[in-house]
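In the order they appear, the protein sequences are chains H and B. Quick note: to get my numbering, add 15 to the position in the first sequence (first position is 1). Quick note: to get my numbering, add 22 to the position in the second sequence (first position is 1).
Possibly wrong hints are sitting among the right ones.
Calculated pairs, SDA-like style, for lysine to any residue (alpha carbon to alpha carbon, straight line, at most 25 Å) [as the list claims (entries may be wrong)]:
1. H:Lys225 to B:Ala266
2. H:Lys221 to B:Asp251
3. H:Lys232 to B:Leu273
4. H:Lys235 to B:Ala270
5. H:Lys191 to H:Val165
6. B:Lys183 to B:Ala160
7. H:Lys225 to B:Ser271
8. B:Lys217 to B:Phe274
9. H:Lys213 to H:Ser138
10. H:Lys221 to B:Glu250
Hint data in this document are derived by calculation from the structure and do not stem from the laboratory.
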Amino acid sequence: MTPKQRTAPPFSPVLLAGLAMRSLPPVLLQPALDAAMTAIRRRRPGLFDRISCLENPRFLIDPVDLPFAFILVPGPENPSLRALRKIDGDMDAEDATATIRGPLLVLLDLLEGRTDGDAQFFSRDLAIEGDTEAVVALRNAVDGAEVDIVGDVLSLTGPFAQPARRAVDMAGGLFKRAHQDLEALRASVISPAMRRGKAQADRMNKLEDKVNALDRKRRKAGAGKA
Amino acid sequence: MTARAPLELVCPAGTPAALHAAVDAGADAVYLGFRDETNARNFPGLNFNRQELEEGLAYARQRGAKILVAINTFPEAGNPGPWRSAVDDSASIGVDAVILADIGLADYAVRKHPGLRRHLSVQAAASNPEAIRFYQEAFGVKRVVLPRVLTVAEIAALNKKISVETEVFVFGGLCVMAEGRCALSSYVTGVSPNKDGVCSPASHVRYEDQGDRLVSKLGDFTINAFDEDEPAGYPTLCKGRFVAQGRASYLFEEPTSLSAARLLPELMDAGVTALKIEGRQRGRAYIAKVTAAFRAAVDAVARGEPAPDLDLGAVTEGQRQTAGVYDKTWR
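With the sequences and hints as input, model every part of the structure.
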């Protein structure tokens, strides 16, 4: 399978951070990813029981607003998460059971059960390819595990967990404000184009109605002759 | 307007986390199934093992909620074991009721566990007084989950002719077929909701990104092709968009979810006892959000206030809602 990047990344602090991280070697992310998996495995030992029905699944997790994708191998004994850089073409070479693609914040919300996977799929914020059964099983396993990724990772810091949590919460507030500012900027930049687009769509709809009316007329005329 | 007892709110759970979400958000009862083909949401990674059910029951009881176990598929010929075990285990764990569809299993339940409360699943498709009275007299059924084929007026008329409780779907996936009798999934995949517990199984579903459109396939059939900005739906045949006489259209039903929130006062007047939210396969965020919204709506209606508008469009299939047959305008 050679997954393609179709879902456009949202204009967000994640996208800007991702652009800044483009030249970062994925191997530098590995210690953080290993720590996350260790923490999750320790605090949610039954997490991957629900996907024991699958044979050696490998998931390609593709945050569309980051220059990296991730390979998740959720074996019950030794689950692993590995980063790879999209620009190197590594992603295309991966033989994944299924691909899950969406903005990073949507993927994190899914991981922590703050959003519903079906709803994200209906709205097209989330795309999947490959083995749908594997994706459904993973979704149910993760949703049922009540993962708290920040809490799980911070649990590794022992006595520093509480101050670290406060720092994370503060960073979260700053991130939220940056997100709102960027959203306002985006709306301002695209507003003229949106107005032009709406006017064109209205014209198209009128033309479509006209064509449909003509088509109905032609069919009626044809039926009359028959 | 005068205050009345609120309708019972029956909410879904596919995992213990979802059960906690439903109870915490105000469900009066939670329905769930075991991790096998004995229930109609036999999805990979979903449902409860026996220990999880025991723990879930304790969690619900501590907070005043009931647990109903759906054993609502039809046993495989010559292999009643899993279905009977599900009934036996539900009885020994002490759940509040089992939801059954098959008459053989209902007979087994009433003989082996006469004290175990029995509800009739929507999968039994009992929609007239004679059928419902039969289930009541033969198997002591206390409540019937009505198929989504009746108008509110028909439900009111039906309730006047029967003495068992009725439960109706008010939100979620909209099955437009005669439930328990639909063979569309079976026709395409060999797997059906009635015997295997899953409609349009994920193992037979493929999504193809074709650049400017998303194509969903079930087995060898193309079910739909969604334009880039078009909301998507489930890949079920009954909500497929097919080309007939050169035009692509929805032949049975569009991707849409049922929402009967604005009909709560009428459903109350019609003598309904309980309201069911569909979605055992959905995430706990959906369950928390929908349960909380309906908790508020049910309580408001019980106080004699109008049914409030519920902000649930984002979690609906195809991001659209309908009151379905309850508000039938096409007859």
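- [ ] Identify every previously stated hint that the structure contradicts and give their numbers, smallest first.
- [x] none
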